[in-house]
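Chemist: Residue numbers (my numbering), protein chains in the order written: chain A, 11 to 206; chain F, 37 to 434.
One or more of the hints may lead you astray.
[To be verified] List time: in silico EDC-like cross-link candidates among lysine to aspartate or glutamate, alpha-carbon distance up to 16 Å:
1. F:K363 to F:E226
2. F:K129 to F:D331
3. F:K405 to A:E61
4. F:K297 to F:D313
5. F:K405 to A:D59
Since the hints were made in silico from the structure, they are not lab data. Just so you know, these numbers come straight off a predicted model, no measurement behind them.
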Amino acid sequence: MNSLRPDLAIIARNVAPGSRVLDVGCGDGALMAELRDHRDVDARGLELDPENVSAAVARGLSVIQGDADTDLADYPDRSFDYAILSQTLQTTHRPDRVLEHLLRIGGRAFVSFPNFAHWRVRLSLLWGGRMPVTRLLPVAWYETPNIHHVTVDDFRALVKERGITVEGAWFLNGDKLTTAAAANFRAEHAVFLLNR
Amino acid sequence: MWNSSEPSTRLVDKARRAALARLAMSDDQRFGLARHVILPGPLKLDGGGALAPVEIAYETYGTLNADRSNAILICHALTGDQHVASTHPMTGKSGWWTRLVGAGLPVDPARHFIICANVLGSCMGSSGPGTIDPVTGSPYAMRFPVITIRDMVRAQAMLLDHLGIERLFAVVGGSMGGMQTLSWPATFPERVGAVVVIASTARHSAQNIAFHEVGRQAIMADPNWRGGAYYADGAPPAAGLAVARMAAHITYLSEAGLTEKFGRRLQARDAKSFGFDADFQIESYLRHQGLSFTDRFDANSYLYITRAMDYFDLAEEHGGTLANAFKATRARFCLLSFDTDWLYPTAESRAIVHALNAAGAPVSFVELKSPFGHDAFLLEAPEMNRIIDGFLRAGEAR
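The task is simple: from the sequences and hints, build the whole structure.
Modeler: See below:
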């Protein structure tokens, strides 16, 4: 579990053992493999990049090449206990619709994203006047896959507006947890557990 | 040796018997290359009626392990045959899937017991229109019953019964072979553990049927066809079959692939002839493909197998809902499509994936990039091999 990205490690620790999980944007399947091997989870994945899909299938995982924006509609209601969307929300065309699908497909959803209101991002924009390039957002504006930057407070507002319940929230500064109160300023990264 | 009168303890006797059983297995006449079996049947057919006896030509590679859990059935395409990894007896060419099946490859005789059987209706030794009808003593020709993909699969299951294999570790097939692999878990949910479907579809589209009908009409319009009764005098409808093959061959290639390989280049000449010779390289290529095909394939078999493919609609067989076809199986699925395949485009594979998701089946799917169209699955495709290898090994680790 040590090799997992910090947000994935949080998700892995909080998924109920033996449950059914859909990992949307599962990458090479690192989280899925962890859940399968240590939490007895029946994990399925959706991933856009064919090379990542190949890598995941080569690990013995069940992963479908597809797009969160278009292919989630194909999954039946409540077909999973959890739907997971890690570091992918900000890359989708309609994050709100993707979020609705997650909660339709899984009873509960884990969503993690980089916080665009982190103080380092704010400073970069304030002093530099340029779109921030940071550790978690390492790509220049014209080629970044992150087309919908979002802050912790933005996300909280969306969730409230849609009547979605926040069951749990974790805020990361590096690989250390930070408090919810100052999260919009201090957290580089947020993980939410939602249900409806 | 079985009746050795040598006194021995029970334990030694048991060990010796086991050793002999292993030896006997390797000498088992049911296993090996160029096998042919006549099973009594009857094989009940989807179209009504039954076939008896049922002849099946097949090959096996590798060794069946002690608990008979390493068997992989390879299903061939429309004009394929049982020589998946051995030299074809008529053309002298190496097996049709030596890029996937062989030492060090994803389907490996060192680990797997590999079976490939000529499909029902074909002409390489399994029962088909060219087979002698025991009732009349002459070839069935068009008296052979119209068969379906599911009938082919049921015949394969009869072969497995004969080989003493209750459950397949995996079925693997591309194109029409993929239709059979899809039909396997739907027809025998308990008898297969993993299903690989490459460049295939769960139903033939109007366009698919249309191309096949062009081929069938070309055969039947050949005056040599004579209602299919051409076996006696050695004058088959070769011209019609060649045209059928030419039309079908176009559907196996991509437009970009054709342009790259042939463009508008002329064949062994500097200028257009202002006649109807094969001026263009593509014409010459297609004529060659058509003609060489008639050396190895029977026109009536072509009619029967294309009909079976046209009738294929797996959802229709399960109350109109494709997901129902997979409700009873616990098999894992791996689907692959190619981005330039317009015969069975990616959307067809996605429809199958959708149904498998709805049925809750474990499924993996990738659309692979290739310039070669439908034929890509038979060509060098390292990414395809990598995925199939990972998929199969994941099942072996369990």
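Chemist: All hints are to be evaluated individually against the structure, with a verdict given for each.
Modeler: For each hint, the structure was consulted:
no.	hint	in the structure
1	F:K363 to F:E226	holds (12 Å)
2	F:K129 to F:D331	holds (13 Å)
3	F:K405 to A:E61	holds (11 Å)
4	F:K297 to F:D313	violated (20 Å)
5	F:K405 to A:D59	holds (12 Å)
Consistency note: the structure conflicts with earlier hint 4 alone.
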